[in-house]
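As a plain string of letters, each chain reads:
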Amino acid sequence: GAVVSQHPSRVICKSGTSVKIECRSLDFQATTMFWYRQFPKQSLMLMATSNEGSKATYEQGVEKDKFLINHASLTLSTLTVTSAHPEDSSFYICSARDTRGPQHFGDGTRLSIL
Amino acid sequence: QKEVEQDPGPLSVPEGAIVSLNCTYSNSAFQYFMWYRQYSRKGPELLMYTYSSGNKEDGRFTAQVDKSSKYISLFIRDSQPSDSATYLCAMTTPNTDKLIFGTGTRLQVFP
Numbered sequence: 001g002a003v004v005s006q007h008p009s010r011v012i013c014k015s016g017t018s019v020k021i022e023c024r025s026l027d028f029q030a031t032t033m034f035w036y037r038q039f040p041k042q043s044l045m046l047m048a049t050s051n052e053g054s055k056a057t058y059e060q061g062v063e064k065d066k067f068l069i070n071h072a073s074l075t076l077s078t079l080t081v082t083s084a085h086p087e088d089s090s091f092y093i094c095s096a097r098d099t100r101g102p103q104h105f106g107d108g109t110r111l112s113i114l
Numbered sequence: 001q002k003e004v005e006q007d008p009g010p011l012s013v014p015e016g017a018i019v020s021l022n023c024t025y026s027n028s029a030f031q032y033f034m035w036y037r038q039y040s041r042k043g044p045e046l047l048m049y050t051y052s053s054g055n056k057e058d059g060r061f062t063a064q065v066d067k068s069s070k071y072i073s074l075f076i077r078d079s080q081p082s083d084s085a086t087y088l089c090a091m092t093t094p095n096t097d098k099l100i101f102g103t104g105t106r107l108q109v110f111p
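Protein chains in written order, with the numbering used here: chain A, 1 to 114; chain B, 1 to 111.
One chain only, chain B, in its complex shape (with noise of 0.2 Å):
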């Protein structure tokens, strides 16, 4: 069993949908949760970073972590074209740099 488990999609969704990305994991000393937005041919690029069970709002995107259900969600709200792109949520614990990958989910809004 992977650390994280990431659905790879490809999910494809009209203009204005609202985007349920998700991932779990099975270590419980993971306390640091991030989501990564890549497009194609650039770097990660850093979306949402939080450290505590509940919800964080940033514009359009709300990242929500469970720790008792080792379960992260990010969604996305009004989506858009530019949206499309693939989605990488990462964790790590306190004691480490290293980051733990999904391995990312792929999204595509259609006009």
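Same shape as in the complex, but just chain A (with noise of 0.2 Å):
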């Protein structure tokens, strides 16, 4: 159980895109998912946590303005990189947890802007 899937693992795209990553939960209700991103051989930075038909919370240091959240649902966040630039370039991971219990991770997605 507590399955997350986020998709897509990879893309690749020109400076100026704007990405859309999808994060879903598939056997559970997903009150809070979460953002992170990971540098390479670090530990998880959070970026942002969304409760569902609310306005994500951002942390410190995070232009909500380029990286837009939707959780419309309680199995599907979606995070969105708006004018993507190389400087964005990074592994994204969502995660997700019920009213109780821990956080469960997606696979990533390995954004990579030209």
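Calculated from the structure, these hints are not laboratory results. Zero decoy hints are in this set.
Only pairs whose alpha carbons sit at most 30 Å apart, straight line, appear in this in silico DSSO-like list of lysine-lysine:
hint: 1; chain 1: A; residue 1: Lys-14; chain 2: A; residue 2: Lys-66
hint: 2; chain 1: A; residue 1: Lys-66; chain 2: B; residue 2: Lys-42
hint: 3; chain 1: B; residue 1: Lys-67; chain 2: B; residue 2: Lys-98
hint: 4; chain 1: B; residue 1: Lys-56; chain 2: A; residue 2: Lys-41
hint: 5; chain 1: B; residue 1: Lys-42; chain 2: A; residue 2: Lys-41
hint: 6; chain 1: B; residue 1: Lys-42; chain 2: A; residue 2: Lys-14
hint: 7; chain 1: A; residue 1: Lys-55; chain 2: B; residue 2: Lys-42
hint: 8; chain 1: B; residue 1: Lys-2; chain 2: A; residue 2: Lys-41
hint: 9; chain 1: B; residue 1: Lys-2; chain 2: B; residue 2: Lys-98
Since each chain sits alone in its own frame, please combine them into the complex, following the hints.
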């Protein structure tokens, strides 16, 4: 149980493009979803927390206009990287949890901006 | 001082060895403790979730929590090459969703 699906797993696109990443909880209702960024050989850095039907709460230093988060249902959250530039290239990972219990993670999206 | 300290390794052991991975923490408000395994280019996979002092066993894995010493451990018995990954400890308090991670320990199990 507790499966989180993230799509796509890999994106390569040109600078200036907007990229949307989907995160779905397949077998539980995710009241809260999280978006992380991970640089090589480093731990996960929380970008934002979203609750279903509410605006996301962004961590300090994360541009909310750059990283748009939508959590429209109890099983789906999306992260849109708007007008992506090479410095946005990274590994983005989502996680989800229900009202009790630990976070379960997706398999990540490797984003490369040329 | 970081809230959670974890030896980054790498830790290299032969197949069949018992592996001990450890984290220490400074915030006594942490009540929920997790161990995740992360393979290269994949998301973290939950291995163990505990919220009380003592031991919790699941197959070859045993999680140990000592709240008085602010110390948690993960033991892997009969380690396999497929256990080669980065192991992350994580913890949180009852009134927040935010996980505080250790830096991760890279483990290599060689045949």
